[in-house]
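Chains as they are written, first to last, in our numbering: chain X, 1 to 113; chain U, 114 to 226.
Errors might be hidden in some of the hints.
[Stated by the list, open to error] Each computed DSSO-like pair below joins lysine-lysine, with the alpha-carbon atoms no more than 27 Å apart:
no.	chain 1	residue 1	chain 2	residue 2
1	X	9	X	57
2	U	182	X	9
3	U	171	X	101
4	X	9	U	225
5	U	218	U	162
6	U	171	U	218
7	U	221	U	162
8	X	9	X	101
9	X	101	U	221
10	U	225	U	182
11	X	101	X	57
12	X	101	U	218
13	U	182	X	101
14	U	182	U	218
15	U	162	X	101
16	U	225	U	171
17	U	162	U	182
18	U	221	U	182
19	U	171	U	182
20	U	162	X	57
21	X	57	U	171
Just so you know, the hints here were simulated from the structure itself, not pulled from any lab data. Keep in mind it's a predicted model, so treat the numbers as computed, not measured.
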Amino acid sequence: DSGVTQTPKHLITATGQRVTLRCSPRSGDLSVYWYQQSLDQGLQFLIQYYNGEERAKGNILERFSAQQFPDLHSELNLSSLELGDSALYFCASSVSGMGEKLFFGSGTQLSVL
Amino acid sequence: AQSVTQLDSQVPVFEEAPVELRCNYSSSVSVYLFWYVQYPNQGLQLLLKYLSGSTLVKGINGFEAEFNKSQTSFHLRKPSVHISDTAEYFCAVSEGSQGNLIFGKGTKLSVKP
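Could you build the full structure based on these sequences and the hints that come with them?
So this is what it looks like as structure tokens:
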């Protein structure tokens, strides 16, 4: 158990809908990362937050947004969903967010039908 | 921009045989290098990391990797694999003090009896 909690584990929805994925980092970790894993693209970095502030942005679509709350949990919002958004979404956390080990959650499997 | 290339998408090997999983990276600055393992239906776990110092890094489960700056490589090795090593292995890089990791597309290691 990595200590990073992601909910829900599975999500099935329809095209055009909006969903929210939730992540609770390990106790004491200030930085949260979101990754998307798909068969064709592999593991793609989406976005990183540190203590509530956005620190780095990767290949995140404009239809996607995220935030980190004062209690350090994070949410990834995916809107106007398309079939191609079906993927496994991972959250990871680390202590300071600077070149160190990331602890990964078990992921949320999103299926867009 | 950073990138990571894992040269083999699949590596089949017999139990107790040695294995090498290849990883090359490109970056214009100093980097930190990581190998993560993903077992079926699980998140990623850190195998080992190179931050500085000795170029030969030892990790968990008997794995080791060697950082070669001139060849920009960070190949993962194990002298004798077990059935339980069957998993997908990801090489990753982060630049300097940045926390987000850029992952390769992964290598599926399949250990046969």
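Do the hints match the structure? See the list:
For the hint pairing residue 9/X with residue 57/X, the CA-to-CA distance comes to about 24 Å; that is within 27 Å, so the pair holds. Restraint check for residue 182/U and residue 9/X: not satisfied, since their Cα atoms lie roughly 40 Å apart, outside the 27 Å limit. Distance restraint check for residue 171/U and residue 101/X: the Cα-Cα separation of roughly 15 Å lies within the 27 Å cut-off, and the hinted pair is therefore satisfied. Straight-line distance between C-alpha atoms of residue 9/X and residue 225/U comes to about 31 Å, which puts the hinted pair past the 27 Å bound.
Restraint check for residue 218/U and residue 162/U: the C-alpha separation of about 18 Å stays at or below 27 Å, so the hint holds. With a C-alpha separation of about 22 Å, the suggested pair residue 171/U and residue 218/U falls inside the 27 Å cut-off, and the hint holds. At roughly 19 Å between alpha-carbon atoms, residue 221/U and residue 162/U fall within 27 Å of each other, so this suggested pair holds. For the given pair, residue 9/X sits about 23 Å from residue 101/X by alpha-carbon distance, which is consistent with the 27 Å threshold.
For a cut-off of 27 Å, the pair hint linking residue 101/X to residue 221/U stands: about 22 Å separates their Cα positions. Note on residue 225/U and residue 182/U: the hinted pairing is violated, with a Cα-Cα distance of about 33 Å set against a maximum of 27 Å. At roughly 19 Å between alpha-carbon atoms, residue 101/X and residue 57/X fall within 27 Å of each other, so this suggested pair holds. Taking the CA atoms of residue 101/X and residue 218/U, the gap is about 19 Å. The hint holds against a cut of 27 Å.
In summary, the hint linking residue 182/U to residue 101/X is supported, as the alpha carbons are separated by about 21 Å, within the 27 Å threshold. Distance check on the hinted pair: residue 182/U and residue 218/U sit about 21 Å apart at the alpha-carbon level, within 27 Å; holds. For the hint pairing residue 162/U with residue 101/X, the CA-to-CA distance comes to about 8 Å; that is within 27 Å, so the pair holds. About 24 Å separates the Cα atoms of residue 225/U and residue 171/U, which keeps this hinted pair within 27 Å; it holds.
Between residue 162/U and residue 182/U the alpha-carbon distance is near 15 Å, which keeps this suggested pair within the 27 Å criterion. Restraint check for residue 221/U and residue 182/U: satisfied, since their Cα atoms lie roughly 25 Å apart, inside the 27 Å limit. In summary, the hint linking residue 171/U to residue 182/U is supported, as the alpha carbons are separated by about 17 Å, within the 27 Å threshold. Pair hint residue 162/U plus residue 57/X holds up; C-alpha atoms about 23 Å apart against a cutoff of 27 Å.
Pair hint residue 57/X plus residue 171/U does not hold up; C-alpha atoms about 31 Å apart against a cutoff of 27 Å.
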